[in-house]
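Chain by chain, the residues:
2 protein chains.
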Amino acid sequence: MNTAPYLAISNRLRSTPFTHRVQQQGATAFTVYNHMLLPTEFESVESDYWHLCEHVQVWDVGAERQVEIAGPDAEKLVQWMTPRDLSQVDKGRCVYAPLADEHGLLINDPVALKLADNHWWLSIADSDVLLWAKGLASAAALDVKVREPEVWPLAVQGPKAEELMVRVFGNNIKDIRFFRFRPMPFNGCEFNVARSGWSKQGGFEIYVDNAQVGVELYDVLIDAGADLQVRAGCPNLIERMESSLLSFGNDMTSQHTLLECGLDAFFNLEHQVESLSGDALRKQYSAGLDRKLFGLVFIASDGAMPISTDPFNGYVSGRAGEILGRLGSQVWSPRYKHQLATVMLEKKYFVENSGEQTVELQLADGGFVNATILPLPFNFSEAGIEAAWVSS
Amino acid sequence: MNTAPYLAISNRLRSTPFTHRVQQQGATAFTVYNHMLLPTEFESVESDYWHLCEHVQVWDVGAERQVEIAGPDAEKLVQWMTPRDLSQVDKGRCVYAPLADEHGLLINDPVALKLADNHWWLSIADSDVLLWAKGLASAAALDVKVREPEVWPLAVQGPKAEELMVRVFGNNIKDIRFFRFRPMPFNGCEFNVARSGWSKQGGFEIYVDNAQVGVELYDVLIDAGADLQVRAGCPNLIERMESSLLSFGNDMTSQHTLLECGLDAFFNLEHQVESLSGDALRKQYSAGLDRKLFGLVFIASDGAMPISTDPFNGYVSGRAGEILGRLGSQVWSPRYKHQLATVMLEKKYFVENSGEQTVELQLADGGFVNATILPLPFNFSEAGIEAAWVSS
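Chains as they are written, first to last, in my numbering: chain Y, 13 to 404; chain G, 13 to 404.
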């Protein structure tokens, strides 16, 4: 789709308590994520990007729904859902825990928060993990309660995020380590606050579970940060691609296994836990991969020209029309002055553990370009790509 | 949300094979449904409405995803998911089969198509039924394959739909009875064609399972119907509200039981089948309902003024600020010259089996109006509301 259409609003696309605020503050575009509105743009994606990298933004990420799993069998169910070993995870910790089915196929890639023994929140990407967990729990007659509590996260992201959070919550904020959370008081409530977020600019996520007080918090954050140039923002495509933050549904989908998505780092195949996907993943590891997610970087002669994709299946092709793989995401990086993309590359275009290679890509204007294949996460300096610090 | 924002396009919001066509043909707004683009408006909702009621439209409803359940335990799994008795359903039949969990809460309200013994498609509304079915099947170790096949339905709807379909598929189309389907040949493929669709204007749904040939079919339908004034269209809010077609996520949600949604007609509580929700529904039936979905109709002094709702929870309130219930959908009917709405009414505002009542509603402009409570489906003539046939 070339031109942005309007989004038709209906109750099915749930608002968050902050939707009215972000509209007042200039959100021009939204996406739908977990049947909920998620803003995607304020001034422009590039202008939002530079602001995020220099100042601090408050994000309405209420669409990051929580799946709560609680009760005597909670630990068992959560471990069943992910191949990542959760047995050593303490209360107050956040763990990136990709979920996979018995074929090793990705179901979602949440951050799991351990609230207490046998009490977890899965802070999910865009798929109804609630239904999968309910299905597993019902059929196995597990002693757990699975529900979506009324929690709408707010993220505070950017280099000045800690300064703003200290003003609102006090100095204790500084004691929260990366991927840890603790309850913090605000206006009579206690919200879990984690040092986390979907950018690499630093910051926090506040798990708001009271809509009214959440909006009070939202306003206090905006007011308290005036001299920090705080403003409403949202997850930013440029920033997340430069930072190699993968998106479920874009870069990796339910058609891909955890190994194909390159998520090996988040579990140990040899250390066996009681997970649905362990056997399939071990088998695929031994057999080798037919495709794998890689990064591609290039500079088109025509500047930011994007890659051409097949409208039916999203495939990227080479000069002879051969299929290279499925395009994940692509964006022009104003910092690195390169087009950045992720592609689920077919086997013949990558050789495990080999060095850098190139591939010839068809562009949207019909031309071709040599792109460098890079393993993920991107390492731009190793690839010889220098940041060009030209702030707008 | 008052003004329509833009929809930010990404690969996560899947296109259908027809997305390019409907954009060329003037789709101005989309919604997201099952992680896929669904057009919602072409000329305007009202202009699209009159056209649908007078002519014929081709709808890209590719977002109506199929969950395929096949294998020796397929019948058992599908029956487990719905309280509707499926034991007497023949091959080639479509059945509206609301899905519910062990609390009787709605999971989705698909049309189930029986392709063969132990081979079903659930043609779903907007939730990941695939994940629920996978969870149930995995944990119960059922001998079934559960997947989302590559099927993108096209609907042909409107009073001239049969005429258009006969031109493209031949006279055999006339033999397809309501809520039956059969495979029909087209350009070397065979697509299942059902007499069904999400309007009450008559028509068909074509279960396209070949993208390329599907686009050929799309073009043939548009070309063959020029003198019938065929054009691209989409499910229409006015038409579906006038026709009392309920929408999962809007009128009824996963927070409501099948009884609260008034879906009693689609299953027999006394006839026990092996379904997850049967016990809970029987229990709730005996205990009585605390809330139930009703229709509301009214004419505001200021014409089409909509009902006011609480931005946090979608509640509608009365003159003293009391909560009447959660608003489902609302629209101005140009045919009946009334505002039509659905509301999940609190018990004290309805008495089972009683006659018509009224309730005082707060409107978006701060005023109040007396609205008539009507059972669903709407029966406008019984309510004394005459159609005003003023075509645009």
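Hints were generated in silico from the structure; no laboratory data involved. Among these hints, one or two may not hold up.
Given that identical chains are not distinguished, each listed pair holds provided it fits within a single copy or across any two copies.
To be verified - In the DSS-like style, the derived pairs of lysine-lysine whose C-alpha atoms are separated by at most 30 Å in a straight line are:
(1) 88 x 157
(2) 295 x 360
(3) 88 x 360
Hints versus structure:
1. 88 x 157: both (13 Å within a copy, 25 Å between copies)
2. 295 x 360: within (21 Å within a copy, 59 Å between copies)
3. 88 x 360: Classified as neither: same-chain Cα gap 40 Å, cross-chain 43 Å, threshold 30 Å.
Violated hint: 3 only; the structure is consistent with all others.
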